[in-house]
Structures are given as structure tokens and as C-alpha cells.
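Since each chain comes alone in its own frame, lean on the hints to assemble the complex.
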Amino acid sequence: MNFDFTQHEQKLFKEINDIMLEMAGEKYLEEKDPVNAGKTVREALIRLANSSYLKLGIVKDEEIPGLCVMMGAMEIVSSFSQSLYLSIEMSTRLFGRIISTFGNEEQKKKWLSPVLCGKKLGAVALSEKTMNIDNDQMETTGVRESALIKISGAKNYVINGPVADFTAVAGIMENKPALFIFEKGSIGLIPGEHLVTMGYDGLFISGLTLDECRINESDVIGPFEDKSAFDTLRMWENQIIIGGSLGMMKASFESAKIFAKTHKTGGKPIIAYQEVAFKLAEMLTLFQTSQLFAYRAAWAADAKSRESDILTYCAKVFCTEAAETVSGSALRILSGEGYISGNAAERAYRCAKYGQIAGTSTEIARVKIGNAALGA
Amino acid sequence: MDFDFTKEQLMFKQELIRFAKKEIVPRVQEHDLKGEFDFESFKKLGEFGILGLHFPEELGGGGADVITTVLAGEALGEAGVDGGLTLAYGAHTFLCADTIFRHGTEAQKQKFIPKLSSGEWIGCMGLTEPDAGSDVASMTTTAEKKGDKYLLNGNKMFITNGPIADVAVVYAKTQPELQHAGISAFVVEKGTKGFSAGPPLIKMGVRTSHTSELIFQNCEIPEENLLGKEGEGFLMAMQTVEWDRSALLAPFVGSATYLLKKCAQYAKGRVQFGRPIGQFQATKHKLAEIRIFGEAARSLVYRIAWCKDQGRPLNHLEAAVAKLYVGDWSMAPTFDAVLIHGGYGYCHEYDVERIFRDSRLAPIGGGTSDIQKMIISKLM
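Sequences listed follow chains P and R, in order.
Just so you know, we're using numbering that gives the first Met the number 0 here: the first sequence kicks off at 0 and counts up by one.
Just so you know, we're using numbering that gives the first Met the number 0 here: the second sequence kicks off at 0 and counts up by one.
By construction, these hints were calculated from the structure, which means they are not laboratory data.
Here the structure is a predicted model, which is why all the values come from computation and not from measurement.
Don't take each hint at face value.
[Unchecked claim] Taking lysine-lysine pairs in the PhoX-like style, the calculated list, with each CA pair at most 25 Å apart, reads:
id, chain 1, residue 1, chain 2, residue 2
1, R, LYS42, R, LYS21
2, P, LYS26, P, LYS107
3, P, LYS263, R, LYS12
4, R, LYS192, P, LYS256
5, R, LYS12, P, LYS303
[Claimed, not checked] To give an idea of the interface, some chain R residues facing chain P are shown, with a C-beta separation under 10 Å as derived from the structure:
id, residue
6, LEU234
7, GLN280
8, GLU294
9, LEU323
10, GLU352
11, MET373
The beta carbon of each residue, even a glycine, is placed where N, CA and C say it ideally should be.
One chain only, chain R, in its complex shape (with noise of 0.2 Å):
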């Protein structure tokens, strides 16, 4: 076993620290309060070469293998990156560019991927739909072929980007009888007619992404935007579940770092009864919980970004335990982390008030706990 990074590695993170504390974080409050979705952040991730890091060079990509492209999720939230812009860089990066990279043809690939990767165009995926969580085969958004073209009809929910988006992975049935196996995707544009976002939805985190939900009405898609082939939409959506299972975890791990170091600074700082609260051993130990479950996320974040690197098929239990742990255990340090500040702890203007809130969504996002726990003890 070797649980070391490269040089080359840990040189890029550091560079993306330095990056995103500079370009991005000293935007991350205000934008949190309004709500707002930074685009310039957006932009300057991509110009960094971030949003297509996995990709290709050809494709406007970084040709990064998957633990380079993991650590830099770690290293924005590392930096101090708001899990709104972190969430909106996974959800373009990985759930709607990734897709269409793996499954796209030839011309796909080169009509959307150089515009994700470098940020002209924002992604978003549509798959979870008001009464279709978990339970993916239950959606209702149906596509009916008219000729050379797709009929697209139904509503999608909680879509990351939705309101910004301007290229939609949509997966709908082609063939409602075939549950599963009759679940398609495709490319859907912004602009096309009989397509449109609802309004951002007011969330208690990660208020920087904008959510809302998708509207297809007759929307007519091109046959040539079918990605794959028809039916093969399911097998797509899970396999997405790779990235969520690393890389959109990976700004946790680097989030534990970042509340470590705000609260033992704080810590440091902030006397009562004539001395530093660090010096009490309460205090020693909530940072201590802090730093335990950083580094107990790290390692199994990494074992499933490392074995795709490998060219292993997902291991689904691990992948489960990785996301269960990571969502279940990431709140509390949030919550010690708000109690070293105290007061201050509950003001916007120390940020652990929002890592807070943002957390809250982890045990949530891409399947639910208890979703990771049905998936386990079936596989146990």
C-alpha cells in the first residue's frame, strides 16, 4: 500500500490553493449572502484549467488522471472555496461534461466539451424529478420519437446549474414499459424551444449554486443530441456515481482542513478567563474531532478515485461507505467548528456558519444516507 501523492501532485494543489484563495474566496461571502452564483469564479476555473482537468488536451482538457482531478476538489475546499461553487463545478464537470465526453459521438464531443472545459458554457444534469428521487426508474419525463426528433415532455427537480445551464444532460423514458432499460439521455440546449428553468430555488447551503427545476414542454431535441444509444441512459446516470463518489466529495476533506486551521487560529486568538480558549482541553479536543474526520474522509475518497485510475470497474459498497461516511460524519465538525466561534460562530461573517449550512446538504446530495445504506446491506 502507498498512500502518498506525487510531487507533481502536491505541487498542483498548492498552485490551485494559492489560485482560488487569491481569485475566488475573497468573493465567497457576499455572493453566499445575495445568493448569487459567481460567474467570474466560474470563468477563472475554467481558465485555470479546472473544469475540463480530466479531459483530453485535444478537448480543451488537462489530460489529468482522476486522483490529480480529486485533489483539486480537496484543494478548493481547502482554499475556502463555498460548497455552492464547489457543487456547481461537480455537477457541470462530472454529471453533465463527463457524460457527454464518455458517451458522446465524435461531434459531440468536439461541439460541448472545449466550451465546458473551459467554462464558456455551464453544465447541468437533469435526472431527479418531484416525485423520482432515489427511485430513478419511477420518473415520469417522457421522450417520444417524431422522425428526427425527440419529444421531450416533464419536469425535472433540484437540477444544479438549472437556472444557468446552458447545455442539460436530460435523461427521460423512450420506452416507459421498460422501467430502466427504457431510460435515455440527452443533450438539451439552452434555448430550445419548449425548454425552461424555473426559478432558483431558496436552499438553507450552498446558496452560490443556483438549483431550480427543468421544464420540458413538447421541447423538440434533435435525434443526432441522443447520447448513446436509446435505453442506455440508466447505466449513464450511475455511472456518475464514480465522480460523486471521489470527486464531488473531495472539497470535504479539503473543508475539514480549511475549519481546522479557521478555528485553531480563532482558537488562538480568543481569550476567556485570562487565556486562549486552545488552551482549554474542550477546545483541543472539538479540533481534534475536526482533524479525525478530515483524515478518515480522506482515505476513502482516494481508494475510489485510485481504483478508477486503475481502470477497475466502481466498487459500489465502497463507493456506498465512502459516501455514507463522508455524508453522515461531515456535519459534526461544522458543528464544533461553530461552537469554538460561539457567537461569532453564528454571525455570516465568520464563514463556519456557512461550511455549516453547506454541509448540511452531504448526507443529502447524490443518493441520501439511507439510499448508501440500502445499497450496502444489499451488497453485504
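Here chain P stands alone, though its shape is the one from the complex (with noise of 0.2 Å):
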């Protein structure tokens, strides 16, 4: 057992740390404006590339650590902008490791590297309007015609959708599972409009529909055998959650503790008020007992335990649950500085609702873990 970051890890904080925080200082990081944003969200991937934080979780090398480092930098990360974060995670966690896993030589080069070094920004649309990959069938379809494959369906809730460079588009062929890889600008992908959703304010989603888009072969991942790749990208965007919540978590709790520390009534800070100090102790031990739960359940997938599925649907579950409660408890200690918008709590009180719901939703994973534990 080992329950210590190495200090090459440390530095690697530090350094990710660092470069937000002086994006932090420069530019409000959750801008709505769409163009603003995409310039945001494009400087941030370029300032990144220059720790290893882009590779983390993608590039297997002895310099670049595991993914436990890469569960405690997305906190890092995703304490300063959930936004940024999620954009940054879809481009280079999701779209970034289905190319390293399952793509070939060219496939990398031509879309994993100017990824990792933060050039372009990758989407991945799996969700249809159903939601729900583990239970219908895809409608997305790619069929073979000459040397093309054409590819009709429709995708909701794209994240990056109406901006990214290229989008891994899931769907059916030859019925079975596959990605399709689209460059911007294809005929016929087209994005739709730009969501308003509860959360994440400086954050592209949209649907996008595919109208008879024709690739060539050698964009198409796959066809896999069995839908486990799609399992396998479902556990990837688990961890980006989970990570996510982190990082809500450690905002929220640190904006709750300086305000408690720092606001007076009755002549004493609120600290020294029980209800308040016995709060962010409620706060603080869901904090660390999900950081603990993260970094655990990232150690095993990394060593490819065979628990790692269900710790994994575990942690997410209470990653996601403990970053609403804490980020609600902050907000009742900010009481009306945290109802005011642009605040660090009252920004992932609306952003840990999308936790449960995406990925593999809370309630799915407890159905999962209940199967595990029936040995169904």
C-alpha cells in the first residue's frame, strides 16, 4: 500500500496548478459567449500541452504517470472551471484515448497527436434520444456504399459538438458497434444549436445530426465485435465525471471555509458557530473520503483488477452524490453571497446535477453494482 503522490507526481500538480491559475487570473474561464469561450478553451489546451496533463490516462510511458495522478489533476483542473474542464476531458480523455486504444498508426497520427499537443479539440457523441446505450439499440447507422461508408442518425447532447475539430460519432455497421470519425466541416454533419443547460455556462453542447455523411473507410473504428468498447468509453467518461466532481467539491468547500473564516456576526467569524464549523466538517469528510474513492478506483483500472468496473460505478455514485451535497451545504454557509451567480458553489451546485445523469447515471450504476453483488 502506498497513500502518497511521488514528489515527480507533486510537481506535476503544482505545474497543472500553476498554469490554471494564471488563466484564472487573466480571464473569467466559464465565459458564455461561444466565441470567447472556444478561444478559452483553446488557449487552455495549448497552455496545458506543456505540462503532461494532456497525455495523462493516453500515452503509456514511463514519464507520464497513472491514472491515479490523472484522477488528482482533473480535481486540479476542474476546480477552476467546470466548463473548461469537461471540454478540455472530452477532447482529450474521451476522444483522445478511443484513438489511442482502438485506432490504428495513421488514425493516431492523423487525430490523436494534434490533439495531445492542444491544436485541436476532439468531441464524441454517444447519447441518443434515448440517453441510454446499455439498454436500445443505436438508430445511428453507417452503411457501406462503393468505397465510402455512409453514416445517417442523429446524436444528442454532443459536448464540444459545435466546435470541435473532429467528432467520434458512435453508431451501428454491419451490426455491430463502430466509430466514425468526422472532421469539421463534413457535408452533412451538422451541429445543432448551442444548448442552455443548468450548468456549465461556458460549455458547447449540442445534437448533431448526421444526414448522410459519407466517410471514408479508414475513418471508421471498428466495427467491434461486442458493444464492450462501448462499455469501455462509458467508464472512461465515469472517471471524467468523477473527476469533475472532485474538482467541485474543492471549490466549493474552499470558497465555503475562507467565507467562514473571513464573515462576522455577532462579533465572531461563523466558524466559531457549531452549525457552520460542524458543516464544513461534514463538507471536508465527504471531500476526502471521495477523493480516496477516486483515486482507488482509478488505481484499479489501472492495474486491470477485475473490481474495477464496480468500483469505479461505486465511486462515481458517491463522487457525484457527495459533490451535490457539498457544494449545497457551501452554499447555505455563503447564504446570499453564494446565491449570487459566478460564485465557486453556487457554479457546481448547478454543475453536480449533470454528474449523475451523464455517463453511467447514478441510478444504472447502483443497479450495476446490485447485479455484482447478486452475481448477475
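What follows is the structure, encoded as C-alpha cells:
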């Protein structure tokens, strides 16, 4: 056992923190204006590419630490801006990992390298109208048409959808799961309108219509023999959500703690009142427990433990629900100040709900954990 | 980071689970119903080497590291050993014997540790008083030096193993005016004149552990029974917190695994509306909650153990976080377990009822959840 990060790993955390701190000092990272937000994401990608952040979990190299460190690093970026974080993660940890894991050398050269350099932005289109790929057959389909593949269908809730340079679209080809890779501007690839959501103010989310889009066969990954590749994608998505939840908790907790120590009522800082101090203690307990849970699930995934999937589901349920509880408690401590838009806790509270819905929803995750207990 | 156990540790755990299931668990329900301490099981724990697992072999111990020692607690919980026996073991080994081992003279160690390790003697710790719980400094038990003896006067309350202990580590004020700094620790042996124990208290849970008052009336303690130096008692008591937040919490982690297996087994066999209740999503969700608690608690507990193995001073914030989480969150899974079992869960025959009662101690014993919140909020 070892519960410490190494000095090398801590140095990486500091590098990432410094990059984000510098960016946060220069501009508001949750910019709602799509043009400015797009610039911010691309700038963050370029800056983070100077560290090994974008390579974590993707590049297998002695110099690149494993998934525990990835989780710790995710927490840092998410604590600065949940929108920026999710945009970056969908590009790297989801799109990048797809290419890295399932792509051939040519595909890696074409799509992965620019993403890892921070020069291009990726997106992954998984969900369809039912939002659930576990129970329902996907309707997006690729059909051979001489040397090309013709894809038709519609995707919902695609993060980075309108602005991505590359988009991996999940669908069915020859009755098997496959991923179709599109470049921005492909004919027939029609991004929907920017969706206004409860949280993630600075994130591009839209639907995506594929109206007889044609791509070369070399732009297809798969078809896969079974849907395990898509299950893997869901697990990666869950990891992203877990890391994001840690960041939300960190930001909310710190915001509430500082406020409790500096805001006075009745002549003393409000942390001197047990109702506030105890709330902070509960928040910290949930936060620290979530951290360890996330690290352990990531470690299990790295170690290819047979418990890995279940631990990830457990961590996903725990961390996403803890994020809502912690940010909600922070709002109660922050009182009126927390209710004002833009406060870290207010933002986290709105974003936290997404974590429980996206990836494997907490309800479905619980069913899967229950099934494992039953040996089903 | 690395969350893995060694092969040896895992083998030891499995061996202990097998042993406990065979030698201890069959008597648990009977003893719980009668509210009796299971001397036979305790003795068997000693024979297996659990009671002195982390002590050096020359003192009758097993020379184990802290993680292995904590793993033993988890294994007992996972096997289905009741909270009463694991509490008795914790009070005996970590609160009594370990304090003597850490702070005793060579003579004291030689005299007490081998017999405590084997289970020949049973130990307890007397710290809490009727009017002094978490507020240790307000204790009123005094130890007055009279020549080569100390004269102990006062009462201790809620003492696990109190009525059955052969050896007690007792805290008393040698210099009351110094508050914490005036507290000293003594080893008091059964049969010492002026020392008696009250009758076992009837408790909601952990009923196989005997808990009582300890009464000291002009109790004469030879000065060689002072542990360490005068005034060091408070620090000694605080040092037990390391064990309290690891080894004593570990059975709750194991118990979650036990509950999960029990509930899954029941849910697969219990048919309602034409199908096993395990097929209903609501039941699966309850099973998930039990699993999630166990996994969350596990890392918190082993973090404390690992730090102790590294020789690091206790991080009181992390320790309090572990205690608060396990204390407060361990109750809900036991409630879920009772609900899954329905009417049967309310009956003693199905041991989820006992585990539900046993778990109520978690947010109280060893520092209440509110005390943990006080500690955390002061340290943050």
C-alpha cells in the first residue's frame, strides 16, 4: 500500500495548478459567449500541453504517471472551471483515448497527435434520444456505399459538438458497434443549436445530425465484435465525471471555508458557530472520502483489477452525489453571497447534477453494483 | 499510490475468516441473546494470535505490521463476528495492552503483555467517567502519592471488559490543578484492594461485550504500576486514537462485506410477486448502498494504518474524518439490510437485527461524531 503521491507527481500537480491559476488570473473561465469560450478552451489546451496533463491516461510512457495521478490532476483543473474541464476532457480523455486505444497508427497520427498537442479539439457523440445506450439499440448507422461509408442518424448532448475539429460518432455498422470519425465541416454533419443548460455555462453542448454523411473506410474505427468497446467509453466518461466532481467539491469547500473564517456575525467569524463549523467538517469528510475513493477506483483500473468496473461505479455514485451535497452545504454557509451567479459553490451546485445523469447514471450504476452483489 | 495488500496479508485474512466462521461465529447469536461474553471465543482469538498480533514475538505477539493488524479486524467483521467481541478485542489489545507495551517498563511488559497476548488475561481501559466523557480534563478520579503507593479514588464509566478484566489501564489525576498535564496512567490488577467493577450494563447493542463502571475506593496501587511518568497520561490516552481510528473501525468495513453477502443471499432466495426480490431495482439499490459504504470506509481506515506503518505522527484531521465517516455512515447500510430482510430482519434469528443494533455504537464510542466535527473544524 501507499497513500502518497510521489514528488514527481506532486510537481506535476503544481505545474497544472500554476497554469490554471495564471489563466484564471487573466480571464473569466466560464465565459458564456461561444466565441470567447472557444478561444479560452483552445488557449487552455495549448498551455496545458506544456505539462503532461493532456497525455495522462492516454500515453503509455514511463514518464507519464498513471490513472491515480490523472484523477488528482483532473481535480485541479475542474476546481478552476467545470466548463473548461469538461471541454478539455471530452477532447483528450474521451476522444483522444478512443483513438489511442482503438485507432491504428495512421489514425493516431492524423487525430491523436494534434489533440495531445492542444492544437485541435475533439468531441465524442454517444447518446441518442433515449440517452441510454445500455438498453436501446443505437439508431445511427453506417452503410457501405462503394468505397465510402454513409452515416445517418442523430446524436444528442454532444459536448464540444459545434466547435470540435474532430468528432467520433458512435453507431452501428454491419450490425456491430463502430465509431465514425468526422472532421469539422464534413458535408452532412450538422451541429444543432447550442443548448442552454442548468450548469456548465461556458460549455458547448448541442445535438448533432448526420444527414447521409460520407467518410472513407479509413475513418472508421471498428466495427467491434461486441459492445464492450462502448462500455469502455462509458467507463472513461465515468472517470471524467468523477474527477470533475472532486474539483467541484474542492472549489465549493474552499469557497465556504474562506467565507466562514472571514465573514463575521455577532462579533465573531461564523466558523465559530457549531452549525457552520460542523457543516464544514461534514463537507471535508465527504470530500476526502471521495478523493480516496476516486484514487482507488483509478488505481484499480490501472491495475486491471477485476473489481475495477464496480469500484468505478461505486466511486461515480459516491463522488457525484457528494459533489451535490458539498456544494449545497457550501451554499448554505455562503448564504446570500453564494446565491449570486458566478460564485464557485453556486456554479458547482448547478454542475453537480450533470454528474449524476451523465456517463452511467447513478441509478443505473446502482443497479450494476447490485447485480454484481447478486452475481447476476 | 497503491491500494493493494500483499499476498501474505490476503492469505492471512482468508485464513482468519475461515477460522472465525468455524470457531466463533456459530456461538455469536446465542451469546448476543443472553448478553454474555464469550470467553471461549476470546481465548481462541488468543490462540490464533490475534490478541497480540502486532506485539513482538518475544512478548508472545505475532510481529505483524499495522496494516495486517487492521486487516484482522476487517476479517473478523467479514466473517460475521459480532461487534461485541470485536469491541472487547479492541479494548483489550489496543486500549489496554498496547498502552502498556508502548509506555511500560521492561518489567511491566514482561509481566503483562504475554498473558494479554495469549488471552489468559483480559484487559480494559478506564478513561471515561460518569461526568467526563470527551472532556477528559474534567475527570475527577485522583491518584494521591502515599509513600511508595498511589491511592486511587473515583469512578470510571462505560468501561468495555470492565467486569471481566484482569488488568486495567486507568487514568487518574496526580496533579488535578494541571488539568490535562496532571493526568497519569496506572496498571491496576484485578483483586487489588479497593478496586471493584459494577454489574454489566444492559446495552442496545454490542451485547456480548461486558461494559461496566469501575470503582476505586482508596485503592492502593504500588508505584511500580505507574505507566511512564506522572503527567504523561493524557498523551498516552490520545495515542490510542491511532488504533481507535484504524483497527477498531476495521470491523465495520468487514461487516459491510458480511452484510452485503447476507443480503444478496437472502434477496436471491426470497420470492415475492413471482420473482426473487433481488430482481427488483429497489433491492439492488440497497445492495449498492451497502457496497459503496464498505468501499468508501476501507480506504479511510487503511490510510491511517499505512501512515502508522510509515512511522508518521497521527494526522488528527484524517483520523477524525475516518471516524466521522465510519461512525455516521455505517448505520444506513445496516438499516437497508434490515429492510431487505423485511419482517425476518426484525427478528433475532436473522443477524442483521443484531448488526443494526451493534452499529449504533459507531458514532458514539471512541469520541462521538460531534467531537470529530469539532476536531475537524478546528484543524481545517
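Checklist entry - Checked against the structure, which of the hints given earlier come out wrong? => result When the structure is compared with the hints, numbers 2, 3, 4, 6 and 10 turn out to be violated.
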